[in-house]
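Model the full assembly from the supplied sequences, consistent with the hints where possible.
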Amino acid sequence: MKKDVFKISPCFEDIMPQEYIELVRENTSPFDNNQGVNGLGGGKELIEEHPLCAGCGLALSLRMILASLPNPEDTIVVGSTGCSAIAFPQVALHNIHSLFGNQNAVASGLKRALKLRFPEKTKDIVVIAGDGATADIGLDMVMQSWFREENITTIMLDNEAYANTGGQESGMSQKGAVLNMAPTGKKFSKVSLPEIARESGCAYAGAVNPSNIKRFEKMVQRAILVAREIGPSYLQVFAPCPTNYKLRPNETLIKAKSREKDNTYPVKEYISPTAQEFLNKLEEGKHNG
Amino acid sequence: MSNNLYRVQAGPEGYLPPAAASMGVVLPEKGEAIVEGEITLVDEAMKEIGKKLLTAKNPVFFPGPQILWAWKEGVAERARAIKELAEVVGARIIPMPDYRPKYPMINPAIEINPNHPNLTIWHNKIDVCVFVGVHCHFANVALKIIRGGTDCYTIALCGEAGHEDAMISLRDVDLAVIQKLTAVVAELKEVMVHD
Chain A
6 MKKDVFKISP
16 CFEDIMPQEY
26 IELVRENTSP
36 FDNNQGVNGL
46 GGGKELIEEH
56 PLCAGCGLAL
66 SLRMILASLP
76 NPEDTIVVGS
86 TGCSAIAFPQ
96 VALHNIHSLF
106 GNQNAVASGL
116 KRALKLRFPE
126 KTKDIVVIAG
136 DGATADIGLD
146 MVMQSWFREE
156 NITTIMLDNE
166 AYANTGGQES
176 GMSQKGAVLN
186 MAPTGKKFSK
196 VSLPEIARES
206 GCAYAGAVNP
216 SNIKRFEKMV
226 QRAILVAREI
236 GPSYLQVFAP
246 CPTNYKLRPN
256 ETLIKAKSRE
266 KDNTYPVKEY
276 ISPTAQEFLN
286 KLEEGKHNG
Chain B
118 MSNNLYRVQA
128 GPEGYLPPAA
138 ASMGVVLPEK
148 GEAIVEGEIT
158 LVDEAMKEIG
168 KKLLTAKNPV
178 FFPGPQILWA
188 WKEGVAERAR
198 AIKELAEVVG
208 ARIIPMPDYR
218 PKYPMINPAI
228 EINPNHPNLT
238 IWHNKIDVCV
248 FVGVHCHFAN
258 VALKIIRGGT
268 DCYTIALCGE
278 AGHEDAMISL
288 RDVDLAVIQK
298 LTAVVAELKE
308 VMVHD
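Chains as they are written, first to last, in this note's numbering: chain A, 6 to 294; chain B, 118 to 312.
There is no bait here: all hints are sound.
For each label pair, taking beta carbons as the anchor points, the in silico distance ranges come out as:
| no. | chain 1 | residue 1 | chain 2 | residue 2 | range |
| --- | --- | --- | --- | --- | --- |
| 1 | A | 234 | B | 242 | 50 to 60 Å |
| 2 | B | 148 | A | 15 | 25 to 35 Å |
| 3 | A | 192 | B | 291 | 53 to 63 Å |
| 4 | B | 222 | A | 259 | 25 to 35 Å |
| 5 | A | 234 | B | 158 | 46 to 56 Å |
Within a straight-line C-alpha distance of at most 20 Å, the following computed PhoX-like cross-link-like pairs (lysine-lysine) qualify:
| no. | chain 1 | residue 1 | chain 2 | residue 2 |
| --- | --- | --- | --- | --- |
| 6 | A | 116 | B | 189 |
| 7 | B | 200 | A | 12 |
| 8 | A | 219 | A | 266 |
Honestly, the hints are just simulated from the structure, not real lab data. Here the structure is a predicted model, which is why all the values come from computation and not from measurement. Glycine included, every Cβ here is placed at the ideal spot set by N, Cα and C.
In structure tokens:
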């Protein structure tokens, strides 16, 4: 399958900002040559002048997700309102911004339309949205898409807060979490969305953090491939927020690792028997091939 | 023909100008165009575009993502046609590759951002601008801000249904329409040179 991204219209290369030219220049992107996450650092998935905060866990995870896509040329990312949404114009992939919380409804329609429009092509629809859009305001649309068994992947960038609006607690904030606009601490527990996803019809559900990039890549690819062939999938990505949780920018990965270690953000993976059979075949083929 | 009295003209119209649609300006039907809030024939609108561009002191084209990126078949050809049109006019081109909020970091010398298009227009002393390949919802926001805060004359070449908030807007702009507009502008330029 071709790994490519869309290019600048040739006649406009002389007027485009240099960053965009570098974003799509041949042989500098991990999208080329099937490098995957091994190619991170050798090129750009997201332009450097993106507006996310220094040390942002979303920016890191977004880069890793983009590098992990099995089929970037034919992937459409559906985003929602939030921090991540303002980074999407700086990637060289098709992406759609939906109204807050509507992302899984938009993605469902898109997947169905593309099946009709391009029956001979494989088109992956990957929802990438924050915890507010996925577990709070958009939970209705998200769960209904799982109940309907839509062939879409939902990836939650979980920074455990409504970060873009100044720091309110979200359903994904931990119990007791104190934020700028939740000064007395959250009163109830973090939503267990991977388990809800599993029970709601997802053929693959998981939680991961970006501290181990090969594991991260494998789980992103599993989620997308299962959604392509078997049924809906969900991956929850821990994306620490230095701004609202008062971390230094260089502490993002330390935070991600420590939360895994102290079991407050464990890596999880639930795979349905059909999805497991499918993945076994794929992964066996890869090892033998 | 529209009976509406609201004229979509170069501003500045002040803070919070109304959306032209809320003032009764309607979008053109297929085969029509819109000039300052009035429905007209496409040929008349094209001549008007030519006059505005050729008499401008500093006409600038703002191509958006839908034409800057060769994301599907036919885009590169349309992009080339737009560049030819800009060359015939003698207009500058400022790309608009993304729309993220940048305030207060926007560099008005080199970029237009629909959240602050007035800054780019003020900085560059742009008196006539052309929006092309800009997603409609962003174009609407930007055109309204420009009308509210500047005296820049706005022209929107829209691949969809057109823009009420632009002073002149064509709809269903494909390669053939761009080429026809270029021919109209070139012809007008010839006439103006000889006059």
